[in-house]
Amino acid sequence: MKTSLAPATRAARVLASIVLLATLAVTGAFGAEPITNERLLAAQTDSENWLMYGKGYSAWRYSELADIDTSNVKNLTPQWIFQNGVEGKGQTTPLVNDGLMYVTGPKNHAWALDLLTGRPTWHYSSTVPKEARGCCGQPNRGFAALGDRLFKVNYEGTLVALDRKTGEPLWETFLADYKMGFSATGAPLLVKNMVVVGIAGAEFGTRDFLDAYDMETGKQVWRFWTIPEPGDPGGDTWGKDKKDNKDNWKRGGGSTWTTGTYDPELNLIYWGTGNPGPDMDGDVRPGDNLYTCSIIALDADTGELKWHYQFTPHDVHDWDAVADPVLVDLTIEGKPVKAVIQANRNGFFYALDRTNGKFLFARAYTEVDWADGIGMDGRPILIPGKEPTEDGNKACPGLGGGHNWHPTAYSPQTGLYYFDSTNGCQLFYKTKQGFVEGQWYQASTTDRITSEPSSSSIIAVDPTTGETKWNFELIGGSASGLLATAGGLVFGGDGEGNFMAIDAKAGKPIWRFQTGGSVRGAPISYRFRGKQYIAIAAGSALLTFALPE
Amino acid sequence: MGPRNGPPSEEFRVTVKVLKTAVRMLPAVLAIVPLLCIAQQERANPLHGDAEAAEAGRGVFRIRCRPCHGIDAKGGRGPDLTTGNYLSGNRDEDLFGVIADGVSGSDMAAYKERMPEETIWSIISYIRMKADGGEVPITGDSATGEKLFWEKARCGGCHRIDGRGGRLGPDLSTVGRARSVSHLRESMTDPNADFTRGYQTLTVVTLDGGKIEGIEKNHDNFSAQLMDAQENFHSYLSSEVRSIKREVRSLMPAYGGSLSEREIDDLLAYLVSLGR
Chain X
1 MKTSLAPATR
11 AARVLASIVL
21 LATLAVTGAF
31 GAEPITNERL
41 LAAQTDSENW
51 LMYGKGYSAW
61 RYSELADIDT
71 SNVKNLTPQW
81 IFQNGVEGKG
91 QTTPLVNDGL
101 MYVTGPKNHA
111 WALDLLTGRP
121 TWHYSSTVPK
131 EARGCCGQPN
141 RGFAALGDRL
151 FKVNYEGTLV
161 ALDRKTGEPL
171 WETFLADYKM
181 GFSATGAPLL
191 VKNMVVVGIA
201 GAEFGTRDFL
211 DAYDMETGKQ
221 VWRFWTIPEP
231 GDPGGDTWGK
241 DKKDNKDNWK
251 RGGGSTWTTG
261 TYDPELNLIY
271 WGTGNPGPDM
281 DGDVRPGDNL
291 YTCSIIALDA
301 DTGELKWHYQ
311 FTPHDVHDWD
321 AVADPVLVDL
331 TIEGKPVKAV
341 IQANRNGFFY
351 ALDRTNGKFL
361 FARAYTEVDW
371 ADGIGMDGRP
381 ILIPGKEPTE
391 DGNKACPGLG
401 GGHNWHPTAY
411 SPQTGLYYFD
421 STNGCQLFYK
431 TKQGFVEGQW
441 YQASTTDRIT
451 SEPSSSSIIA
461 VDPTTGETKW
471 NFELIGGSAS
481 GLLATAGGLV
491 FGGDGEGNFM
501 AIDAKAGKPI
511 WRFQTGGSVR
521 GAPISYRFRG
531 KQYIAIAAGS
541 ALLTFALPE
Chain Z
1 MGPRNGPPSE
11 EFRVTVKVLK
21 TAVRMLPAVL
31 AIVPLLCIAQ
41 QERANPLHGD
51 AEAAEAGRGV
61 FRIRCRPCHG
71 IDAKGGRGPD
81 LTTGNYLSGN
91 RDEDLFGVIA
101 DGVSGSDMAA
111 YKERMPEETI
121 WSIISYIRMK
131 ADGGEVPITG
141 DSATGEKLFW
151 EKARCGGCHR
161 IDGRGGRLGP
171 DLSTVGRARS
181 VSHLRESMTD
191 PNADFTRGYQ
201 TLTVVTLDGG
211 KIEGIEKNHD
221 NFSAQLMDAQ
231 ENFHSYLSSE
241 VRSIKREVRS
251 LMPAYGGSLS
261 EREIDDLLAY
271 LVSLGR
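Here the protein sequences line up with chains X and Z, keeping their order.
The C-terminal position of the first sequence is numbered 549 in the working numbering, with every residue numbered one higher than the one before it.
The C-terminal position of the second sequence is numbered 276 in the working numbering, with every residue numbered one higher than the one before it.
Quick caveat, the hints were computed from the structure, so don't treat them as lab data.
Heads up, a few of these hints could be off.
Pairs of lysine to aspartate or glutamate residues, derived as DMTMM-like cross-links and limited to a Cα-Cα distance of at most 25 Å, are as follows [unchecked claim]:
no., chain 1, residue 1, chain 2, residue 2
1, X, 394, Z, 247
2, X, 179, Z, 146
3, Z, 130, X, 391
4, Z, 130, X, 87
5, Z, 217, X, 377
6, X, 130, Z, 247
7, X, 335, X, 377
8, Z, 112, X, 447
9, Z, 112, X, 87
10, X, 130, Z, 107
11, X, 508, Z, 171
12, X, 130, Z, 117
13, X, 394, Z, 171
14, Z, 74, Z, 171
Quick caveat: nothing in here was measured; it's all calculated off a predicted structure.
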C-alpha cells in the first residue's frame, strides 16, 4: 500500500521546487532553504532532496524519481568523485538539501560538498581519543538535520551540533564514557525538535540506552534505559532471584547503535536494540534479558515505553535487532494493518502491528537451524542444543546474521522489501569470563567453518507474507545498504567495489560500476539542476552518477 | 694547536668542567643503577602466578588470539604457544613485545593500541599457564628437506624462498616463524584443510570450451582475474565466458602419497628453519 501526500501539499512542493530552480538559475545561490519539521514530515516524497537517514520517517529509502529507469540505467556515468583521504570504509548515508550534500566519514570527520562539482565547502574534524577502543572500527553512519543545524555523533560517545553553513560546532553533549567501552556511530533521528540518538557498548558489558536532546541547547530531554533495573518492569528477566540478578543487568548491553523510525500519527519512536552482555555466555544472565534483541516503541515526547517485542529472548549468538524497523501499511490475510517490519539478524523476517507490538508473522529468509519457526505467541520454537559451548557449537545463521545493520529499502511500486543477507553458519564458543570495566566482555567468540563457506545475497521479500521473491547471490562478499527507485531499480554494492543497479522485479543486475573501494554506505537519490542523481560512499570516496546530457 | 705553556685553551677548560661535573654526579649515578635494575625487573609480568588474571587472559585469548593460535593455544596458522619456547624470546617482556608491537614479516598484528598493558599481561599469564614444554619434536634433516624442496617434491615450482622459485603459491621465506609445526605438516599432507586465504582455485570455461585453471586474484559477479600454473595472468568478463567456478581448494597436491613419512619429516625440518 502506497503512502502519499495530499495532492495540495504535493502541488505546493512542486511549485516551491520550480521557484527554487528559477532562483538558482538566476543567482547561482544555494544552501539557503531551511529544513523545517514540516519538511521532515514530508521527506519521503521530497524527491529533490534527501533530508534524513532513512529518506523519510518510515525508512523506506525509496525515491520517487524515475528519470533513471530499467531502460536507460545502462548509460549511467560518474559525475564527480570526492576523495576524503580518511582511512576506513565509508558507511554513511549522505543528506542533500538545496545544492549541498552533507557527508560524515570515519574517525569524526564530516564535509559539506557542492552538488555541482563535489568540492567541499567546509570540513569538520575532531580527534578521537587514543583510549577509545570501542567495538568494530570507527565508522559514522550519517547526519540528522533541522533548521540551520546538523547533528552527528562522535565516536568517543558525544553528540555534536554543527552550523550547516560553516561546519562550526555549536554544542557538544556527552553521551557515555568511552573508557567504559561505549562508542557512538549511528545517525541521529530528528523528532519534534529533539535529537534522538543511540549508543554502542554491549561487547564491553555496558548498560545501554536511547536518548533525546533538545536541538537548541543539547540538554537531555529523556533517556530510556534498554536494560531495566531490578524492580522495574522487565527487571525480573535477568535472573530469578536476587543472587542471580545481583549486578548482571548493569552489564546487560542492549545497544542502540543504528537509527530508528517515527510514526507521527501514533507519536511513537521505534528503535532496534542489540545483544545482551556477555554475548555468548548466557549462564550469567538467566531469563529473557529484556529489552535486548528487541524493537522498543517509545512515546516521542517522554521516552516512555509503550510496547516492546523481543525477537530473540535470551540471545547467545549476538543477533542484534538493529536492522531498520521499517514502517509500512500492509494488507495481511485480507486485513489492513499498520505494520513495522524487520529482517532480523536471527534469520527470520518479521511483521508486527506497530500500534501495539502484536506479532503478525515471521518467516525464515536464510538458513536457520536454531528455531523451528516462530510460534503464534511470538516466541521462537527453539531447537535444543544450539547454544555456544567451550569447544564450539555450530549455529545458523552466523554471528553477523542473516541481515545485519545495512540500510534496507521498501518500494511501494513493487510492494517488495529489499535487504542484504549473509547465508551460512559458524561455530560459537562460550568461555567463562570475568567482567573488567572497559574490557571486551564477549565470552567469547566465533569461528568460520572451513568446509562450509558462507555466501551473500540481496533478497527481495513480499512483506505481506515473508515469501522470498528473488535472491541475487553476490560472489564478491557482503552487500551495502540499498535504495529503491520509481525507475524500477534497486541500487546497492558489494565488498569488491561493485556498485550496481538491479531490476527491482526480476532481481537481475543491469548496470554496474567498479568504484575501487568496498561499498559499505547506503545509496541516495536526489535531483539537481533538473537531473536525477545517485550517490554512494565507497571506500574513502563519495561518488555521484547521472545520465549523460 | 697553541703553545703548551700558555693559558689553558677553551677546549681544555670545558673538558675539565665536564669531568668535575661527572665526579660530582657519580654518587647520584651510582644510586640510580639499582633503580634501573629494578626497572628492568619490572618488565616481568606483574600478574605472574595470578590465577584470576590467567583466567581473564584466557577469555581475551579466545576472542583475539584464537583465529591464528587456536582455541587452546596449540597453534594453527600461528605458532603453538604451549611449548614454552618462543621465536622472539622466552622472557615475559619478549612475549609482551610480540603482543604489543606485532612481528614484522608475519601475520602477527600489534595490539598495544587495542588493549591496555594489563590485558596483555593477563594473556601472557594464560600462555604461561598453558605452556607445558611439550614442543613437537623435529626429527627430520633440514638439508635433506631443502634438497627435496627444490628437486623431487618440486615445491619451488610454485613457492618462493628468498627470491628463488615460483610465484603461484605463497612466499615461504619466513614461514618457519609464521606458522606452527602442526600447521606446516598438515599443509603438506592435506593442503585443503586450512589454506591461505586468497589462494583458492578458479576454473574458467571459455565460449569455445577452453578450460583455464589457476589461483583466484579477484572474482565477483561481473569479472574474474586469475594466475595459471605457468604464472600467466588471465582476465575475463563473466558475460564473455561460459562459466566461472570458484572452489575452496588449493591447487597444491597432497604430498602424503608421493613422499615417504621420512621425506615429509625432512621437508618439515627445512620449512621450520625458514625465517628463524
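Any hints from earlier that this structure breaks? Give me their numbers in increasing order, please. Those not satisfied are hints 2, 4, 5, 6, 11, 13.
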